[in-house]
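Chain B: place on chain A using the hints.
There are 2 protein chains.
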Amino acid sequence: MTTQDNKRTRLIDVARHAGVSPGTVSNALNQTRFVDPETRQRIDDAIQALNYTPNIRARQLRTGRTNTIALLSSLPLSIASGASKLGFMMEIALTASIMALENRHALILVPPGKNPLDTVTFDAAILLEPSENDPQLRALQNAGIPCVTIGRTPGTNKPVPWVELHSEVTANLLLRHLQKEGCGHCALFVSNRQRTSSLETEAAYRLWCNGRQTPVIYYLDEEKGEAAGYHAARQLLLEAPQVNGLLVLVDTFASGAVRAFHETGTKIPQQMRVATRYDGIRARESKPPLTAVNMHLDEVARQATMLLFDVLAGRPMAGCDGPIPELVVRASSKIL
Amino acid sequence: MTTQDNKRTRLIDVARHAGVSPGTVSNALNQTRFVDPETRQRIDDAIQALNYTPNIRARQLRTGRTNTIALLSSLPLSIASGASKLGFMMEIALTASIMALENRHALILVPPGKNPLDTVTFDAAILLEPSENDPQLRALQNAGIPCVTIGRTPGTNKPVPWVELHSEVTANLLLRHLQKEGCGHCALFVSNRQRTSSLETEAAYRLWCNGRQTPVIYYLDEEKGEAAGYHAARQLLLEAPQVNGLLVLVDTFASGAVRAFHETGTKIPQQMRVATRYDGIRARESKPPLTAVNMHLDEVARQATMLLFDVLAGRPMAGCDGPIPELVVRASSKIL
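Sequence order for the protein chains is A and B. Quick note on the UniProt record's numbering: the first sequence kicks off at 1 and runs consecutively. Quick note on the UniProt record's numbering: the second sequence kicks off at 1 and runs consecutively.
One or more hints might be untrue.
Said to hold, decoys possible - Straight-line Cα separation of at most 30 Å, DSBU-like style, residue types lysine-lysine; simulated pairs:
1) B:K114 - B:K180
2) A:K334 - B:K287
3) A:K114 - A:K158
4) B:K267 - B:K158
5) A:K287 - B:K158
6) A:K224 - A:K287
7) A:K267 - A:K334
8) A:K334 - A:K180
9) B:K224 - B:K114
10) A:K334 - A:K287
11) B:K114 - A:K114
12) B:K267 - A:K287
13) A:K267 - B:K287
14) B:K224 - B:K267
15) B:K158 - B:K114
16) B:K334 - B:K267
17) B:K267 - B:K180
18) B:K287 - A:K287
Worth flagging that the hints you see were computed from the coordinates, not collected in a lab. Quantities reported herein were computed from a predicted structural model and do not represent experimental measurements.
Next up, chain A with everything else stripped away, as it sits in the complex (with noise of 0.2 Å):
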């Protein structure tokens, strides 16, 4: 491919070659309007054999896109990423670059809790499990940035669309099988950030306790990461013995709870039963790994990025139901 060749390929030579109008091509390239896959890959192949490149300045100018999209993150860096760097956020990030391809966008990775509008901008933006009155956000709103989000925004009668994560079916799932598994008392680690998922388990989990047990909760600073977790455990352990499972939503609180009950000689699974939420390279390489659920976060991502398409292509959404988490049984919480 040579600048020359370049300049001799045009969209009407695509066109041409493909047996389709030019405005198809404008439509198939620029997502404005629907193109039959049959057609589409017609229109790709006439691409490739031409070795056409779009001018895609000349398309921003004309469009005033930029045929990119952003994924954001809520969460504290101490929490969305850990020593190994790899979890949730990530898992999300290739699913959504590869729908965004497809969709003839690129996606454009911000770092966990950071705001990027003072450096770049974007077509539309998929945020992570926003809290309530998320600057974030507020941020993207207030820049006029189509948005979606993966988790409900809490707070407030009109949400964003959103992809359900089902935080109340998760904590359901993990408080009964603690209870199967002979824990008598359960305590809960939550974050002090309101987001729904935390809002949620908080309240499946009083819900739970009615008639049970009284409550035992702790809200844990999210920008400690790992260390609240620590000290929170190291707590419970003075301030509630009688507690024989913990229900930690955040997985990052999680490694910090079972180095507490290490440290203190505090048997798991047998003396105290742990769950938690994402069934990710923490929970895995956990000693004992951790009981957690299967998010099916591909699927989750899968739907963000197709809802977002749909905000961009100005079609009026509510949300997507979002696919149901399931049980993962590990050694922390049964003998096996």
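Below, chain B alone, put in the same frame as chain A:
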């Protein structure tokens, strides 16, 4: 922050508030010139205090830059992702996105093996492990996009600036370890694509074989992913029964090989010592876990991103020396 607020705050207001010239603010925002950290902090504080949002699109039109860099992988999706969708590329991605944003750029994550140039444009790119005559690298160069690679570009006297991955060091670490653990006859699985890591590993292996054994090398099809490792291992057991150690450069192939050894009742490590390169999820979750090397990908990503900004700033660069890999011994090669 409302649109009105935005209209009121201009770059000159930020300059006044920070007590610097508008040119200095512009240099800090656009990375056009070095601004010392203390001054930059004052400017950042002023931006925060005044709720200043630069007009990104106007800046992009003026500078002809997008303030984005892209991360691409030359490896196909069959290799670069796998079941868990997390790995080498995603470890690099998070660090690169953080480094990019600190330098007022955003990171575009391109799915492995894909060319995004008919969709978006960006100022510069990091390409993972280019092959000889790499089509992605050629496309980037034809588009005039500055580029650095992680791993040297093979087959050229003028490689683009790169971060060294020390594949020869890695091969020797693993081969010496296998030998020490009683491996008398070692085979090698490498990819069929000419990447510097494959080429250097093969060369180191051939040297190691000198005077010891006949080389037993299988060249695997990257597109076939895990299945390629599985079939090569089945073949190896039939064709070279004397082999009792296996170095598999690509972890995806190693997963397949381990499956074949389990199916055939070949005991790891007693009958077959296995080692791979990348100490990722596949290595850790393998049963038994795989001996590998810590490639210090955080540092690799940091060096690559800084190198790219040097190149973007017009500084002539050869490359970065890259961190030295360290052996991580696990149960696949040693009775622990």
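* Which of the listed hints are broken here? -> 1, 4, 5
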